[in-house]
Amino acid sequence: MKKNSSLPRVVESVKTSALAILVFASIMLSTLLWTGTPGQVAIDKPTFFSSPLYGRQQAAGDFVLPQSIGIWTRANELFRLGGTSTTASQIVTALRRSRFVSGVRRKGKGGNISAIPANGPYLVLNYGNLLRDGSLWGLALPMQGHLPDIPALGPIYVTPDPKTATCILSFATVGGVYQEVLRNVPHSLFADMTPNDQAVPYEQIPVNHALLHLPYAGIMMRVDTWALAQPVESHIIDSYFVDPSLIQSVRGSNRSTYYTDGTHGVRVQNGPFGNVLTYRTPSSPLRGFKPSMAQSLLATVPFIDSHGGFVGSDVLWQAYGLRANSGMELEFSDMINGWPLFGSLDRISVRLQNGVVVRLSRNIPYLGIELSQVRQRILSGTQLLAAVGAKTLAGVVDVTLGYGTVAINESTVECVPVYRLTYQKRPPLYLDARTGKPFLGSGM
Amino acid sequence: MIVVFLLLNLFLGYQWHGLQPSVSIYTEPYADQVANLQRTFAANNITLKASVPLAQPSMFLLRAQTNPRQFLAAAALALDIKPQQASAHLRGSREVKTRAGRFVMNEHGQYRLYIDSRYQPLIPRGRDGAAFVRKWLSKHVIDFGTYETLSWKLSGGRGIASFAEFFGGYPIFSAPLQVYMENDRIIGYSQTALEVVGSLDQRPVIGAASALLALAAFVDKAHINMDNTIQSIRLGYDSRLALGDTWYVTPVWQVDSSRSVFEINAFTAETGVGAS
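Residue numbers (the numbering used here), protein chains in the order written: chain A, 1 to 444; chain B, 1 to 276.
The hints are simulated quantities; they were obtained by calculation from the structure and are not laboratory data.
Note that the coordinates shown come from a computational prediction; the quantities given were computed from them, not determined experimentally.
Treat the hints with care, as some may be off.
[To be verified] One side only, chain B facing chain A, incomplete, derived with CB under 8 Å: (1) L6; (2) Q15; (3) L150.
Yeah, the Cβ is synthetic: ideal placement off N, Cα and C, and Gly gets one too.
Next comes chain A alone, as it looks inside the complex (with noise of 0.2 Å):
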């Protein structure tokens, strides 16, 4: 009877003890799968914190396009094409489809050898000074063949053969001049030559040993009212910081106010058209390391797409090596209908070390609606010319039609004609391009 009723007794315990085994285990493990899950390790995180953008994102190459185009026709006469326009899109697209055959450098001293083309008709490319240092070409005019990095110390001049389907590309450069021939033109490219409602006539004028390109006649311009669009402030300036939690903020005078982790600094300060943002990361530079303007251009377009982006429609207006400390600056300016917009407003600067964005400095308002334009007429070249004076145009090297802005309050813009002075040792002047007085903008 004894022997009998422990056996179940002793099953039962056994039965207990292998659960309460079971459970023990199941325990362990769980907090070792919980414990042992490998975290993630910081390496080569997503380089910045993307931000709602505000523009849109785009190619490298959709920013290196000519300022201008000048047309000069079988007759000899001038006409200009803005860069953004139809018909320049138009004619840059035929220059890309075509394909690069051959180059030759003819050497000349003393201006002896000239890369203007002895008649028209012709296309003269305006890239500013974007093609300096012969990086950009592949960016500029992507074709089969491949353009070589040949440096352009001017504008590009180009000379069609509608019968044989080719090109003459033509410019300055180092000791000479360089000629290019391309193939397989399509022919919409000698269609586009003949000037059309887009193209304005101009003139060339020589002034104080400059050759200055202006309006031929008064045309009508539009004087447009914007609405200016703001983006919420703190989306932008967190996009600068990788950890956003680390962000300490400084109170600084002139109503600025500084976010900073440590590694980066962004400074927001009062402007005229709102806030304006200064990001910067000081590096020194790498000794023997010099990048190029294309390569500088291929870092900086998907910084700006991921730090607010672009606006409007920003094209790259100037790009420059700094021989101090062998970095590079690069600028992009909005363009109206065609026309230049200068001063501050839709400007993004932009400078690199080593390759990488180390400043950008840009207003973070930008041109929205348009409320209203009207047309008004502007003075032609001569008659800017008779207006200003011979004291003005000292020392002039180059005058530009665009866009001025004025504020009109926090939050609209009038955009106002404006002819821009160059001159080599002081400052641009604007002036009114309806009156020829000295425009006294915002932001210019």
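Chain A is fixed; fit chain B onto it per the hints.
Only chain B this time, still in chain A's reference frame:
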């Protein structure tokens, strides 16, 4: 119940077994980590000739300030005069000049001592030289007790000895003391004296191996392919952004190479080129 727990344990055991390969990647042997780094750097012509530290401590984002109010005290110490005499030798508000030399403060609160040639101390040759310089500095540099030696580059009687202020056992690279020597004499020094006024956001830093991988990604992305040799890797604090008299210094892995000094933010792995 026994069957249920048995099945649960079988499931958990299977999961744990599946986890082991990924865990083993994260606990890769040190030698393999270094070998991987050497291979990665080789693609960009970089040679790794430094030991890779294993430490991964918790560090802070430090709030530090220069202290322009101690200018006269620092000047008195540097020029070997009594503190109350310093104001009598003031020229403007940022320069103290005596027969022994000039002591200047710039707009960022950084000091510079120029010793007159007649008063430049002679450094004994040999091993005693370093000890002599340290002893001299302890008497002529304010807060020298918080500084430690970073590097000592002296050849032919000419060179620079670099020190940095230390906080919690790590150098603050933004607060250097550089001593200039010529013809076996100390000719002056420059000093950034920072006072840590706050330590924020304590968290573990990334390891040196991760920092070096971030550097490899940086040079690859920037197409930096010049021959280069990594000579040392050390952890410290740095910032090159002075906001008035306030600095936020962040933990960094400083990588000294034959081309330049790279700095990797030890919280975020962002990489840049620091001052050589």
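Discussion item. Tell me if the interface restraint on B/L6 is satisfied: Cβ within less than 8 Å of some Cβ in chain A.
Written reply: For B/L6, the interface hint holds, since the closest Cβ of chain A sits about 6 Å away, which is under 8 Å.
Item to complete: Return the status of the interface hint for B/Q15: holds when the least beta-carbon distance to chain A is below 8 Å, violated otherwise.
Response: 6 Å, holds
Discussion item. Quick check on the hint: B/L150 CB to chain A CB, less than 8 Å?
Written reply: Violated: closest Cβ of chain A sits about 17 Å from B/L150, beyond 8 Å.
Taken one by one, the earlier hints fail for this structure only at number 3.
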